[in-house]
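Asker: Chains as they are written, first to last, in our numbering: chain A, 286 to 620; chain B, 4 to 234.
For the record, the hints were derived by calculation from the structure and aren't laboratory data.
Predicted model only: the values in this text are computed from it and were never measured.
Treat the hints with caution; some may be incorrect.
Just some of the chain B residues that point at chain A, by a computed CB distance under 8 angstroms [claimed, not checked]:
#  : residue
1  : Ala54
2  : Leu56
3  : Phe66
4  : Ser73
5  : Ala106
6  : Ala114
7  : Glu115
8  : Thr120
9  : Val122
10 : Asp164
11 : Leu169
A few chain A residues that face chain B, going by a derived Cβ cut-off under 7 angstroms, partial list only [said to hold, decoys possible]:
#  : residue
12 : Leu408
13 : Ile490
14 : Phe538
15 : Val540
16 : Asp599
Stretch by stretch, here's where chain B covers chain A in the computed footprint (C-beta under 8 angstroms, at least three residues) [claimed, not checked]:
#  : segment
17 : 468-480
18 : 567-576
Think of the CB as a built atom: it goes at the ideal place given N, C-alpha and C, for glycine as much as any other residue.
If you want the building blocks of each chain, they are given just below.
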Amino acid sequence: MTLPALPARLLLTLALACVAIVPARAYLKLGTVINGRTETARWGTQPIRYFINDDEVPGVSADEFRAAVAQGLSTWQAVPGAAVRFEFAGFTSASPLDEDGMSTMGFHARADLDRTLAATEFLVDTTTGEILESDVFFNASFPWSTAPGGTPNRFDVQSIATHEGGHFVGLGHSALGETELSGGNRRLIAAGAVMFPIAFSAGDISGRTLRPDDVAGLSDIYPATTFRNDTGSLQGHVTKSGQGVFGAHVIAFNVATGDLVAGFTLDSAGAFVVAGLAPGTYVIRVEPLDDGDVSGFFDGTTSVDADFQPAFYDTLVTISAGAGSSMINLAVSPK
Amino acid sequence: MRHAAAISALVALLGGATPSYAQDAAPRPRSLELSASGLMLGGVDFGNRNATLTANDPGNPDFILFATSSKIKPGAGLDARLTFNVTRTFGLEGVVTWTRQTAETAITSDAEGIPNTTVTEDLSTYFVEGAAVLHLRGLTFAHGRGMPFIFGGGGYLRQLDGDSILVDTGSVFHAGGGVKYFFSSRSSGFIRGLGVRADGRYYLRSGGLELDREKTRRPTWGIAGGLVVRF
Numbered sequence: 286m287t288l289p290a291l292p293a294r295l296l297l298t299l300a301l302a303c304v305a306i307v308p309a310r311a312y313l314k315l316g317t318v319i320n321g322r323t324e325t326a327r328w329g330t331q332p333i334r335y336f337i338n339d340d341e342v343p344g345v346s347a348d349e350f351r352a353a354v355a356q357g358l359s360t361w362q363a364v365p366g367a368a369v370r371f372e373f374a375g376f377t378s379a380s381p382l383d384e385d386g387m388s389t390m391g392f393h394a395r396a397d398l399d400r401t402l403a404a405t406e407f408l409v410d411t412t413t414g415e416i417l418e419s420d421v422f423f424n425a426s427f428p429w430s431t432a433p434g435g436t437p438n439r440f441d442v443q444s445i446a447t448h449e450g451g452h453f454v455g456l457g458h459s460a461l462g463e464t465e466l467s468g469g470n471r472r473l474i475a476a477g478a479v480m481f482p483i484a485f486s487a488g489d490i491s492g493r494t495l496r497p498d499d500v501a502g503l504s505d506i507y508p509a510t511t512f513r514n515d516t517g518s519l520q521g522h523v524t525k526s527g528q529g530v531f532g533a534h535v536i537a538f539n540v541a542t543g544d545l546v547a548g549f550t551l552d553s554a555g556a557f558v559v560a561g562l563a564p565g566t567y568v569i570r571v572e573p574l575d576d577g578d579v580s581g582f583f584d585g586t587t588s589v590d591a592d593f594q595p596a597f598y599d600t601l602v603t604i605s606a607g608a609g610s611s612m613i614n615l616a617v618s619p620k
Numbered sequence: 004m005r006h007a008a009a010i011s012a013l014v015a016l017l018g019g020a021t022p023s024y025a026q027d028a029a030p031r032p033r034s035l036e037l038s039a040s041g042l043m044l045g046g047v048d049f050g051n052r053n054a055t056l057t058a059n060d061p062g063n064p065d066f067i068l069f070a071t072s073s074k075i076k077p078g079a080g081l082d083a084r085l086t087f088n089v090t091r092t093f094g095l096e097g098v099v100t101w102t103r104q105t106a107e108t109a110i111t112s113d114a115e116g117i118p119n120t121t122v123t124e125d126l127s128t129y130f131v132e133g134a135a136v137l138h139l140r141g142l143t144f145a146h147g148r149g150m151p152f153i154f155g156g157g158g159y160l161r162q163l164d165g166d167s168i169l170v171d172t173g174s175v176f177h178a179g180g181g182v183k184y185f186f187s188s189r190s191s192g193f194i195r196g197l198g199v200r201a202d203g204r205y206y207l208r209s210g211g212l213e214l215d216r217e218k219t220r221r222p223t224w225g226i227a228g229g230l231v232v233r234f
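All chains, please: the whole structure from these sequences, using the hints.
Answerer: Shown next, in the form of C-alpha cells:
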C-alpha cells in the first residue's frame with residue numbers, strides 16, 4: 286500500500302505486486318484466468334499460516350511488529366459474514382519476498398520504491414486459483430510506529446497490515462475514495478474502504494477499521510455458512526451511447542444505514558455485480574475510475590473507459606436477502 | 004374502473020328494487036356488513052443521511068460524498084372491511100388495505116458535481132388486519148340514518164416494490180373514528196341496507212420500507228370514504 290502525504294513529499298503507492306492477477310468481480314477480488322474462465326484467488330486451507338521476519342526498524346521491534354500484524358489480521362478474522370482464520374507460525378529470518386513456501390511478512394528496505402509503503406505478492410496455483418504463498422513486505426525506508434494511538438509523522442503498522450491483510454487473502458483494491466492531484470502526485474482526500482490504494486497520512490490510524498465495502502469483499506470470497514442467504518446482490522450494466530463501459534465504478538449506498546459498497550463493470554458489455562449487500566434500499570451511483578492509477582486496479586491489458594460523467598440511477602433499488610436485484614441499466618453520458 | 008362499475012351496479016340493484024323504510028343505522032345483532040372505501044394513506048419522513056467517506060484529516064473526520072433525504076409520499080388505495088356485528092353496538096372486522104405509494108430520496112451536494120436529483124421507487128403496501136368496531140348508538144343523527152363509530156385493530160404489513168419484489172413485512176395498528184349514513188335499509192331480504200361511510204385513522208406501523216436506522220413504530224394517518232352494504 287502506499288501513500289500519502291508526508292510533509293516533504295507526497296507518497297503514493299501501489300500496494301500490490303502479484304503473480305497473475307485478474308479482477309474477478311466487485312470490490313475487486315483477485316483472480317486467475319484458467320481455460321478462459323476467471324477463478325477467484327483464495328486460500329484453500331485454513332487457518333492461513335504466516336511467518337514474521339525478525340528484522341526490526343527504528344521504533345518497531347520484531348515482537349511489536351508481530352503484534353500489530355496480528356491485530357490487523359484479526360480485524361479480518363472478526364468479520365461475522367466471513368470464515369477466515371489466521372495463525373502465527375513463528376519468526377523467521379527469511380526475506381518476505383522469497384518464494385520459499387512460507388508466507389512471510391516483514392520489513393524490507395526498498396528505497397527505490399519511494400511511493401510504496403508495503404506490497405503483497407502471491408504464488409497462485411494457476412490450475413485452481415488457490416493461493417499457495419503470499420508475502421507482504423513493509424518498506425523499511427519509511428518511518429513506522431506501532432503506538433496504540435499512532436505517532437505523528439510515522440506510518441501505522443496496524444493500518445497498513447490491515448490493508449495488506451486484505452490482499453493477503455485475495456482482495457484487490459477498492460475505488461471508494463477521493464483524491465486530488467498535487468504536484469504531479471495523487472493525494473488522498475478521503476477513503477471509504479481500507480482497501481483503497483492510497484493510504485492515510487502518517488500518524489493516522491483510520492486504516493485500522495474495516496468499512497462495509499471491505500467486509501462485503503472478504504465475505505464474498507470466504508462466505509460464512511449463512512452469508513449467501515443473509516445478503517443480496519446488485520446486478521446490471523453501465524452503457525454509454527449504447528455500448529458497454531469497462532471499468533466503471535458502481536457504488537451502492539444503503540439509504541437506511543449509510544453503508545457504501547462498490548464494484549466495477551468488468552467486461553465489454555459493461556456488466557457488474559456487487560454482492561454481499563445487506564437487505565435494504567439502495568441509491569446507485571456510477572463514476573469513472575479517476576481517483577487512482579488504473580494499474581492499481583486492473584492489469585495492463587485492460588482498457589478502462591473513464592470518459593463519462595458520474596451519475597445516479599434514477600430508481601431506488603431494493604435488495605432482498607438471498608436474491609439478486611433485477612437487472613438495472615445505468616446509461617451514462619460522455620464528458 | 005372495474006371496482007367502480009361493480010359498486011354502481013350494486014347501488015342500482017338495491018336502490019331500484021327495494022323500498023326504503025324504517026331507517027336505522029344501528030346494525031342487527033349477528034349480521035354482516037361489507038364496506039369498500041377509497042383510502043388516502045399518509046407518508047413517512049425518514050430524515051437525512053449522508054454518504055460519507057473517512058477524510059484524510061483528523062480534525063474533520065467525515066467527507067460527504069453526497070447527501071440524501073428520504074420519505075415515503077402519501078398515496079391512494081383501497082380498504083375493504085367485512086364486519087360481523089356481534090350486537091347492535093359491537094362488531095368484529097376483517098380488514099384488507101392496499102395502497103400505492105412512492106418512496107423517494109432526494110440527493111444533493113454531490114462531491115463530483117452531479118446535479119441534485121430525486122430517485123424514486125413505487126411501493127405497494129398491504130395491510131391485513133383484525134379490528135373491533137363500536138357503534139355509538141347514542142349519537143345517531145339524520146333521523147337515525149347516520150351514526151358515528153370508532154374502531155381499532157392491528158395486523159400484518161407487507162410491502163412490495165415496483166417489480167413486485169418483497170421489500171419487507173411488518174406489523175401495523177390503527178385506531179380511528181367516522182360516520183356511517185344509510186340512505187336505504189329494510190328489515191328483510193339478503194341485502195338489508197346500503198349506505199356510505201367516511202372515517203379517519205391513525206396508524207402505527209413497524210417494518211416495511213425503512214430508510215433510516217430507527218427501528219421504531221412510525222405514525223401516519225389515513226382517511227377513507229366509500230360504500231357500505233349491510234346483509
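Asker: For every hint, state whether the structure bears it out.
Answerer: Comparing the hints with the structure gives:
no.: 1; hint: Ala54; result: holds, 5 angstroms
no.: 2; hint: Leu56; result: holds, 4 angstroms
no.: 3; hint: Phe66; result: holds, 3 angstroms
no.: 4; hint: Ser73; result: holds, 5 angstroms
no.: 5; hint: Ala106; result: holds, 6 angstroms
no.: 6; hint: Ala114; result: holds, 6 angstroms
no.: 7; hint: Glu115; result: holds, 5 angstroms
no.: 8; hint: Thr120; result: holds, 6 angstroms
no.: 9; hint: Val122; result: holds, 5 angstroms
no.: 10; hint: Asp164; result: holds, 5 angstroms
no.: 11; hint: Leu169; result: holds, 6 angstroms
no.: 12; hint: Leu408; result: violated, 33 angstroms
no.: 13; hint: Ile490; result: violated, 9 angstroms
no.: 14; hint: Phe538; result: holds, 5 angstroms
no.: 15; hint: Val540; result: holds, 5 angstroms
no.: 16; hint: Asp599; result: holds, 6 angstroms
no.: 17; hint: 468-480; result: holds (count 6)
no.: 18; hint: 567-576; result: holds (count 3)
Checked against the numbered hints listed earlier, the structure breaks hints 12, 13; every other hint is satisfied.
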